[in-house]
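Input sequences plus hints: build the corresponding full structure.
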Amino acid sequence: MEELVIRDADVVDGSGADAYRADVVVDGGRIVSIVKEAAAAGCQRPEARRELDAEGLVLAPGFIDMHAHSDLALLRDPDHSAKAAQGVTLEVIGQDGLSYAPVDDRTLAEVRRAIAGWNGPGDDVDFDWRSVGEYLDRLDAGIAVNAAYLIPQGTVRAFAVGWDDREATDAELEHMRRLVAEGMEQGAVGMSSGLTYTPGMYAKDAELTELCRVVASYGGYYCPHHRSYGAGALQAYEEMVDLTREADCPLHLAHATMNFGVNKGRAPELLTLLDDALAAGADITLDTYPYTPGCTTLVALLPSWASEGGPDRIMERLADDDTAERIRHHMEEIGSDGSHGVPMEWETIEISGTGDPALAEYVGRTVLESARLRGESPWTVARHLLLADRLAPTILQHVGHEENVRAIMRHRVHTGGSDGILQGAKPHPRAYGTFPHYLGHYVRELGVLSLEECVAHLTSRPAARLRLPDRGLVREGYRADLVLFDPATVAAGSTYESPRVLPTGIPYVLVDGRFVMEDGRRTDVLAGRSVRRAPR
Numbered sequence: 010m011e012e013l014v015i016r017d018a019d020v021v022d023g024s025g026a027d028a029y030r031a032d033v034v035v036d037g038g039r040i041v042s043i044v045k046e047a048a049a050a051g052c053q054r055p056e057a058r059r060e061l062d063a064e065g066l067v068l069a070p071g072f073i074d075m076h077a078h079s080d081l082a083l084l085r086d087p088d089h090s091a092k093a094a095q096g097v098t099l100e101v102i103g104q105d106g107l108s109y110a111p112v113d114d115r116t117l118a119e120v121r122r123a124i125a126g127w128n129g130p131g132d133d134v135d136f137d138w139r140s141v142g143e144y145l146d147r148l149d150a151g152i153a154v155n156a157a158y159l160i161p162q163g164t165v166r167a168f169a170v171g172w173d174d175r176e177a178t179d180a181e182l183e184h185m186r187r188l189v190a191e192g193m194e195q196g197a198v199g200m201s202s203g204l205t206y207t208p209g210m211y212a213k214d215a216e217l218t219e220l221c222r223v224v225a226s227y228g229g230y231y232c233p234h235h236r237s238y239g240a241g242a243l244q245a246y247e248e249m250v251d252l253t254r255e256a257d258c259p260l261h262l263a264h265a266t267m268n269f270g271v272n273k274g275r276a277p278e279l280l281t282l283l284d285d286a287l288a289a290g291a292d293i294t295l296d297t298y299p300y301t302p303g304c305t306t307l308v309a310l311l312p313s314w315a316s317e318g319g320p321d322r323i324m325e326r327l328a329d330d331d332t333a334e335r336i337r338h339h340m341e342e343i344g345s346d347g348s349h350g351v352p353m354e355w356e357t358i359e360i361s362g363t364g365d366p367a368l369a370e371y372v373g374r375t376v377l378e379s380a381r382l383r384g385e386s387p388w389t390v391a392r393h394l395l396l397a398d399r400l401a402p403t404i405l406q407h408v409g410h411e412e413n414v415r416a417i418m419r420h421r422v423h424t425g426g427s428d429g430i431l432q433g434a435k436p437h438p439r440a441y442g443t444f445p446h447y448l449g450h451y452v453r454e455l456g457v458l459s460l461e462e463c464v465a466h467l468t469s470r471p472a473a474r475l476r477l478p479d480r481g482l483v484r485e486g487y488r489a490d491l492v493l494f495d496p497a498t499v500a501a502g503s504t505y506e507s508p509r510v511l512p513t514g515i516p517y518v519l520v521d522g523r524f525v526m527e528d529g530r531r532t533d534v535l536a537g538r539s540v541r542r543a544p545r
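In this text, residue positions in the sequence shown follow this note's numbering: the first is 10, and each later residue adds one.
Nothing false has been slipped in among the hints.
EDC-like cross-link-like pairs, simulated, lysine to aspartate or glutamate; straight-line CA separation at most 16 Å:
(1) Lys435 - Glu370
(2) Lys273 - Glu411
(3) Lys273 - Glu412
(4) Lys45 - Glu56
(5) Lys213 - Glu255
(6) Lys213 - Asp173
(7) Lys45 - Asp19
(8) Lys45 - Asp27
(9) Lys213 - Glu176
(10) Lys45 - Asp17
(11) Lys213 - Glu248
(12) Lys213 - Asp179
(13) Lys213 - Asp251
(14) Lys435 - Asp365
(15) Lys213 - Glu181
(16) Lys45 - Glu64
(17) Lys213 - Asp174
(18) Lys435 - Glu506
(19) Lys213 - Glu247
(20) Lys45 - Glu485
In short, the hints are calculated from the structure, not lab data.
Now the structure itself:
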């Protein structure tokens, strides 16, 4: 007898087709049968050792978070309710060009400091890996949800070239090509870049094109955080489209927003650019989160020249008064490349977390608010935070536009990604709320998407981009990565004031046929594993 029958569920199968009533049988980690309208037809109903009454609940494929920053959280936090409680059964990590493999000892130490604001310093993690394959093996020891990995181009450049702003030599480029090839062979699904973060931003298009050719040869895709989301956003999107066309590499645009005042109402221009490229045969997808503010680190806003050489050189420049004044001038009066070419608007920069608890008074306030309270200039406050917290502060950046968010999420190649940074006292609520917020706010309350459309955006579309032949749909023979939610009550619990509150209306989540959420509570099941690139 099979393990589980989910009885009388309203199945939204991920294809975009209309929902239907069915009994769904799960055994051995897979969906073994689907009996539609069993009760109405009066036919023999399937039986199993356990029966779950799903009356009033939607059964859907588990949600795929196409842009996650859980690289260390998956290892340090077996509970990981931030994602499991949302119905997420697979995360794509290694994002924005910076993560922890492939590395040598030097590069690992540098990267840990550079992205402490994303993932913490990692003092509670045993970094017993250096290669992509070894990192994926660590995940295979058991994690809360599944994870796929993108090779981080900035880490690769730090390993082969260092943190200097210069072109790679032929030997260094070959080293990078070899590192990318090895990572793909070991199971990575593609490559990411952070082209407003050092050192990845120092790579010219020709270098990126060569690395994308390697990725494409293994059937992977390129996922860039491109060079501007502000003043040069449209040109930056066009650059990525042209680059990947030259490399013949599939393109997935990370957190594809149109932010800052210069881009208010301009989402249609981006979508026209993408439609024209798609019509010409380009292979493009994108992800977004359903919120207007962005989230990053405070140090990321510095001009690229101030970040050259890595974290130690940044600290030296900030400590020097003359150099710090030059940094301020670029940020406040010119608009640095780190802040997307837009002069700083300190009233939009909210401190969301610090590494040092002694700096907690700054959290939850904008830099401008803290400056007024202290009788100081905003740059004085920002500089102090960077130096005192050794570059660790994280920020919310209140620069988005609701009309752009809605327009982009309707697009036919759109997928969902939380971009969830789990660090800090007041992280962005998207880390705990992205997927229920789509379902509750944008489906039920606003009707921006139908339920069937939205589930397809969060399941089958990302599975197709990841080239996963047995995930993303409720189909016989597919993996039993499933979520059951109440369409009348599903909602994000997280807010800007209380960002770590779990969602409501998602009582059951299964990974590999095992309950990781049951009756709305996290179980002790660690059914997640690495999801490695399928061979071509």
